[in-house]
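Enquirer: Below, each chain spelled out in residue letters.
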Amino acid sequence: MNLLEPAILTIITAATPLLLAAIGELVTERSGVLNLGVEGMMAMGAACAFAIAITTDSTALGIAGGVAAGTALAALFALMTLGFAANQVACGLALTILGLGLSGLIGADFVGARRDPMPKLEIPGLSDIPFIGPVLFGQDAFVYASVVLVAGVWWFLFHTRAGLTLRAVGDNHVSAHALGSKVLKVRLAAVLFGGACSGLAGAYLSLAYTPFWVKGMTAGRGWIALAIVVFSSWLPWRLMVGAYLFGSVSILQLYAQGAGIGLPSQLMSSLPYLATILVLVAIAGTRARARAPACLGVPFVPDR
Amino acid sequence: MRLELQRRPQQSRAMLLWSPVIAVALTVVTAAVMLAVIGVDPARGLYVFFVEPLTSAWGLQELAVKASPLILIAVGLSICFIANVWNIGAEGQYVAGAILGGWVALAFHDTGAVWVLPAMLAAGVVGGALYGLIPAVLKVRFGANEILTSLMLVYVAQLGLDWLVRGPWRDPMGFNFPQSVTFLPAATVPLIAGRLHVGVILMLVVVVVAAVMMARSLKGFEIRVVGMAPRAGRFGGFKEGPLTLFVFAVSGGLAGLAGIIEVAGPIGQLLPSVSPGYGFIAIIVAFLGRLNPVGILVAGFVLAISTLGGEQAQILLQVPLDFTSVLQGVLLFYVLACDTLIVNRIRLVASGPRTATGSSEAVR
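Chains as they are written, first to last, in my numbering: chain A, 812 to 1115; chain B, 9 to 372.
Treat the hints as calculated values from the structure; they're not laboratory data. Mixed in with the good hints there might be a few duds.
[Said to hold, decoys possible] If you only want the chain B side, here are some residues facing chain A, beta carbon under 7 Å, derived:
#1 Leu13
#2 Leu141
#3 Val145
#4 Val148
#5 Phe150
#6 Gly151
#7 Leu159
#8 Val164
#9 Ile291
In this text, a Cβ means the ideal position worked out from N, Cα and C, and glycines have one as well.
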């Protein structure tokens, strides 16, 4: 029990950025757009959030800045892929390269700066319950926000008319267009939402996960988030399972390294990436295939 | 008033040639603006970035040395992209080539035999190709997304190299620095003149072979057909599975070749990091070069200028290195946007009541 509780707590913190980024990308992909730039948007979110939080000494403004940065990059992506109907895979890669570079430029002035991580929100009474208290009621705001976001996205996608439209646009944009749905407007909204979530995930990394900013601190989390979306078969609740699974793998390898298992640390560090590959292989070709939005990655140029 | 995309009846031949030029020009303008923003005189900055590398013999040689790995990798990637296969793990295949080739070097370089270097280069190609085949097999056999698997393998390869040079392959006399022993001359790519090494010639050979293969051979035709219209390819008897393996092996092999040339040439030993991101920059090179080997040859030099200029600007003007990657990302965006003009034209339409059939939000 002594070991389990801190382990679960760290798993939650490791899973939250993955979950935040993945839930945004899930909505984007459900509308039929594949945005591979998650890593870049996250990196920008982390850098901008930290820079703004340090300069204004306000965590709230920092978070807003991170979200705004992610959204701004997503808007650029939308201009390219929706406006110019450019190749989505290539644009996503461009967005990653651009985002990583820009985040380096912005963050350079803040290397070495330190800011206390976000406080945990303690709920008097409930937080004192042994084990359950700290795990369920002693998290920072991001953790609660991520769970609320997942629930909200699930409700939106499957219980609202707008959600139905979004799924229709992603599954068959020609029919949706014929029925009068504004395909590109729906996709724009979905891409911007994805960017905002990635920016939020980045803000979590630099404002809550660690008390500082370093270059490349996203360390492939954006790509793992993309893999989690595939793993989830585009279903919000499974996304949550996926994020926590990957969070566990990355924490387990830390524990294993700490425990001094005689394996090279580099091998342990590569476990999350190997696990991603394994999961992609395991999930591919099963039922998941059929669930992918049918128009994923296909540009739409309305015909007259 | 608003802008609207309109499909051209035919691809524009003029734009086919002009779109990369426009993209580069726009990037230079953006660079000037960004330099002004970070407080560097734009005229001096642009000169250091884009002109100075071209003004000295040393600069030109260094340019060719920097462009070689980019072009080698990009030629392979272009073949993948034409086949509609998305290998974005070239950086990992480059490292894999460096590892396997480097192993041959460490094992045999003290024999001084003439076959050591050719064996290293071959091992580099094999290492890269095998590493490239992993995502290919996972895609063909299990249907796993090759974009994500190939990218994940980049991290794995980098960590693997890191382990090797800190562990089993560390130079025992190297004061505990994470590096292998320096390769002896038998395991080093010979220099032609100044900084130019034999790898540059190998690169040119690869460009010619790829150009001939893509334009004149059945394989080139197959790659294009399957990429553009997989259904038509199937009717023509072309199989997507084997083709995916083929293009991944070729691009992985070329990336591996680039890796071992770099390690056996300019670097001369194995280090924890053997690439300033060539595998990713090469993606930009491939698109800027219009996925055409000759175009890539030109594009490789353009990106090499910006990389070299970026290093100079860091030394002379204290411009951070990330400035260069921002510019390169921006360049890729411009290239992709300009490519749209090849199949579409942008028209200015008078705003007003929307027609019943018209579409309004093509360009916002």
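Enquirer: None of the hints should be skipped; say for each whether it holds.
Expert: How the hints compare with the structure:
1. Taking 7 Å as the C-beta cut-off, the interface hint given for B/Leu13 holds, the closest approach to chain A being about 6 Å.
2. Residue-level restraint check for B/Leu141 is violated (minimum Cβ-Cβ distance to chain A is 14 Å; threshold 7 Å).
3. Hint on B/Val145 is violated. Least Cβ distance to chain A is approximately 10 Å, over the 7 Å limit.
4. A cut of 7 Å between beta carbons decides the hint on B/Val148: the least distance to chain A is about 11 Å, and the hint is violated.
5. The restraint placing B/Phe150 at the interface with chain A holds, with a minimum CB-CB distance near 5 Å, inside the 7 Å limit.
6. Taken as an interface hint, B/Gly151 checks out: its beta carbon lies about 4 Å from the nearest beta carbon of chain A, inside 7 Å.
7. The restraint placing B/Leu159 at the interface with chain A holds, with a minimum CB-CB distance near 5 Å, inside the 7 Å limit.
8. Contact between B/Val164 and chain A, as hinted, is supported at the beta carbon level, the nearest pair being about 5 Å apart and thus within 7 Å.
9. Interface hint status for B/Ile291: upheld, as the beta-carbon distance to the closest one in chain A is roughly 6 Å, under 7 Å.
The structure shown violates the earlier hints numbered 2, 3 and 4.
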